[in-house]
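For reference, the chains in residue letters:
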Amino acid sequence: MNSRVRFEQNDSYERLNRLARWLILLIIAATFPVSHPLAPEVFAALGAASVFNLSRYVPVFMKAPAWASPIGGLAVDVLLVASVISAVGSISTPYTGLFIGIMVVAMYRTGLRGLGAVIAVQLTVLATSVAFGKGATATPLSDIQTVMVSFGNICLIGFLIAGFTSRERSREKDLSEFSEAVLSEQERMQALINTLPDAIFVIDAKNRLRLANGAALELMGEPTSWVGVELTKLLPLQPRSKLGSGPVNLLEAGTAQHRRDLRLIREKVSMDLDLSVTPVQLGQSGNNFIVVGRDITKERSIDRQREEFIAVTSHELRTPLAIVEVALSTSLLSKADMPGRTAELVDQAYRNTLFLGALVKDLTTLSEAQNDNLPIALKPVDAGKLLRQLGTDFQKTAEAKGLPLQVAVAPETPAILSTEHYIHEVLQNYINNALKYTKTGHITLSAKPSQNGGVRFGVSDTGPGISASDQQHLFTKFYRAEDYQTRETGGTGLGLYLCLELAERLNARVWCESKVGVGSTFYLEVPPFSKLRQDHGKVVEAQVSNLVDQL
Amino acid sequence: MNKTTGNKLAKILLVEDDITLASLYQMRMETEGFDVKHCNNGEEALEMAREYRPNLILLDIMMPRLNGFDVLDILHNTPSMKTVKIIILSALGQQSDKDKAMALGAAEYMVKSQVVIAEVMARIRFHLGLPQLPPSE
Numbered sequence: 001m002n003s004r005v006r007f008e009q010n011d012s013y014e015r016l017n018r019l020a021r022w023l024i025l026l027i028i029a030a031t032f033p034v035s036h037p038l039a040p041e042v043f044a045a046l047g048a049a050s051v052f053n054l055s056r057y058v059p060v061f062m063k064a065p066a067w068a069s070p071i072g073g074l075a076v077d078v079l080l081v082a083s084v085i086s087a088v089g090s091i092s093t094p095y096t097g098l099f100i101g102i103m104v105v106a107m108y109r110t111g112l113r114g115l116g117a118v119i120a121v122q123l124t125v126l127a128t129s130v131a132f133g134k135g136a137t138a139t140p141l142s143d144i145q146t147v148m149v150s151f152g153n154i155c156l157i158g159f160l161i162a163g164f165t166s167r168e169r170s171r172e173k174d175l176s177e178f179s180e181a182v183l184s185e186q187e188r189m190q191a192l193i194n195t196l197p198d199a200i201f202v203i204d205a206k207n208r209l210r211l212a213n214g215a216a217l218e219l220m221g222e223p224t225s226w227v228g229v230e231l232t233k234l235l236p237l238q239p240r241s242k243l244g245s246g247p248v249n250l251l252e253a254g255t256a257q258h259r260r261d262l263r264l265i266r267e268k269v270s271m272d273l274d275l276s277v278t279p280v281q282l283g284q285s286g287n288n289f290i291v292v293g294r295d296i297t298k299e300r301s302i303d304r305q306r307e308e309f310i311a312v313t314s315h316e317l318r319t320p321l322a323i324v325e326v327a328l329s330t331s332l333l334s335k336a337d338m339p340g341r342t343a344e345l346v347d348q349a350y351r352n353t354l355f356l357g358a359l360v361k362d363l364t365t366l367s368e369a370q371n372d373n374l375p376i377a378l379k380p381v382d383a384g385k386l387l388r389q390l391g392t393d394f395q396k397t398a399e400a401k402g403l404p405l406q407v408a409v410a411p412e413t414p415a416i417l418s419t420e421h422y423i424h425e426v427l428q429n430y431i432n433n434a435l436k437y438t439k440t441g442h443i444t445l446s447a448k449p450s451q452n453g454g455v456r457f458g459v460s461d462t463g464p465g466i467s468a469s470d471q472q473h474l475f476t477k478f479y480r481a482e483d484y485q486t487r488e489t490g491g492t493g494l495g496l497y498l499c500l501e502l503a504e505r506l507n508a509r510v511w512c513e514s515k516v517g518v519g520s521t522f523y524l525e526v527p528p529f530s531k532l533r534q535d536h537g538k539v540v541e542a543q544v545s546n547l548v549d550q551l
Numbered sequence: 001m002n003k004t005t006g007n008k009l010a011k012i013l014l015v016e017d018d019i020t021l022a023s024l025y026q027m028r029m030e031t032e033g034f035d036v037k038h039c040n041n042g043e044e045a046l047e048m049a050r051e052y053r054p055n056l057i058l059l060d061i062m063m064p065r066l067n068g069f070d071v072l073d074i075l076h077n078t079p080s081m082k083t084v085k086i087i088i089l090s091a092l093g094q095q096s097d098k099d100k101a102m103a104l105g106a107a108e109y110m111v112k113s114q115v116v117i118a119e120v121m122a123r124i125r126f127h128l129g130l131p132q133l134p135p136s137e
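Chains as they are written, first to last, in the working numbering: chain A, 1 to 551; chain B, 1 to 137.
Honestly, the hints are just simulated from the structure, not real lab data.
One thing to keep in mind: the hints can contain errors.
Some chain B residues near chain A, calculated using beta-carbon distances under 10 Å [to be verified]:
no.	residue
1	Y25
2	I74
3	T78
4	L89
5	K98
6	V111
7	S113
8	I117
Glycine included, each C-beta is placed from N, C-alpha and C at the ideal position.
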């Protein structure tokens, strides 16, 4: 921005400079006595100076910094006037006055230093003329010529001063408009950052606070002075698991990090925070860190309730369910001894117990999958091994239904870093569905490299296929493709929804391709690295560092 | 069923603190022809394993006094108990629990309510090298 302003200013000054040079050339050409013995040399010099001035209209030349420099122009002007004065052989000639115009140009274009140089050259020229000019055959200018030179000179100086001052004025105006624009832009940014609900701190490598927005000040309890104060003093954090162990230094790790295990404890305040720390390079101030903080106390308490729910479902429900299941199953061993419709009733009770068990299992896995606090352990996963294992596991069930189960693993399928039991869970759901809905034909488990360097798993069946309208809803909660009348397969309605949630947890993608009457293929595409889903904190962080970059 | 022969298929020690569930399991196992003894906690389990010399132990994890992991660890490191198959049947369903039990030497890990009793029985037969029963339905 700044360099653009300077360029435009230079351009406009150069235009003025060129016009001034034409004026000087005109004054000399119009007044220099043609009868003078050195007249041819002087006119040759005028010609050369004209060519030089013309060249300064050519953009190609003006792009070369050396050529475009005002110093070059000044040198040409000074030399020209000096040579004319030398030719005239007297310093009392009115041509000396032309130096004033050149000095005005020097003053505006190069500042005091350029002016000094011009004066120095001028003095040398004048001194030389005084010392050696005595012998020159002076042909004095006629009165009319003297008047013309003087008049032209006054016009030149007036023109230059008027031109430069008006340009200076407009430049000042531009600058003040520009700085106002910058200021209001900065104010807008500050207002934006200040009204962000997330607390934003900028700290230096020594953990001293440099910037904080409104939410950040609120978190710190509106301290009276905070610039340059250590963040550990302003924001006393303690790990939730080890309360009272002293303030935590967020920069201890020295790298970017994202923590959800810290609690802010200050006087009457106790708050669970989500904090992300990102190193940034800000101007010349070296390595800084942006800390984005968010109050997650409420969220945490919801998480705790959910954890409690998981505990209840997994333990308190499981045992009674198991009791009912075992009791019914065992009593069904002597089905033949049961009177009348009892066998049928017990059978129904048994089947619904199994359904209830499946529901509890799916709900538990779902709660687990949706719990972001549960760490994800990433380990190398061998897709081929996993599929072959699944093939073996389901071989018997498939054979019992008369469906051959094939496993096809492309040889170039890469190893991925992911969580095997989530992938296993998704594929198991797919296979169970395929087995459930396929009457004849076969089922194929496949794995091949995906475009993003991960693995695309597929489970294909030759079942009834799924209509396009049903396909849209497949992965939603409690959705079933068949209507109630034909519902004979008895799933919980959570299976594919669970697949979607698990896939999201792995940054993976699930979808289905199907043709009615031909069959369906369910896909799971796992990236080479399964990262945690991008969370809120990361997004804000990216926005802030964008803002900072713009500033 | 071998109920009438008196020749039991194998000896099973059932370690489960829920008495209702334990008695049902015992009933089922006995119906299928096994010799079954039951105990309520980890300490008793260690004692009974020494006296009763079961072929297989069906072990719960969350129990009073000594938990299933400890029982598993001790039994697996007792030379005379090395050949005893230990199947975990617990309400704990997390992968980390499964991994821990398998690392401690369990033959199999099953989660209550995720498996049906018929399956448990099938796995018991598998680990004891016995033929499977024909499907009941």
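Evaluation of the provided hints:
For Y25 (chain B), the suggested interface contact is upheld, since its CB lies about 6 Å from the closest CB of chain A, less than 10 Å. The criterion of a C-beta within 10 Å of any C-beta in chain A is not met by I74 (chain B), whose closest approach is roughly 24 Å, and the hint is violated. With its C-beta approaching chain A no nearer than about 29 Å, T78 (chain B) sits outside the 10 Å limit, and its interface hint is violated. Look at L89 (chain B): its Cβ gets to within about 9 Å of chain A, closer than 10 Å, so that hint holds up.
The criterion of a C-beta within 10 Å of any C-beta in chain A is met by K98 (chain B), whose closest approach is roughly 9 Å, and the hint holds. The restraint placing V111 (chain B) at the interface with chain A holds, with a minimum CB-CB distance near 8 Å, inside the 10 Å limit. The interface hint given for S113 (chain B) is met, as the beta carbon of that residue sits about 4 Å from the closest beta carbon of chain A, less than 10 Å. A least Cβ separation of about 4 Å between I117 (chain B) and chain A falls short of the 10 Å threshold, and the interface hint therefore holds.
Consistency note: the structure conflicts with the earlier hints numbered 2, 3.
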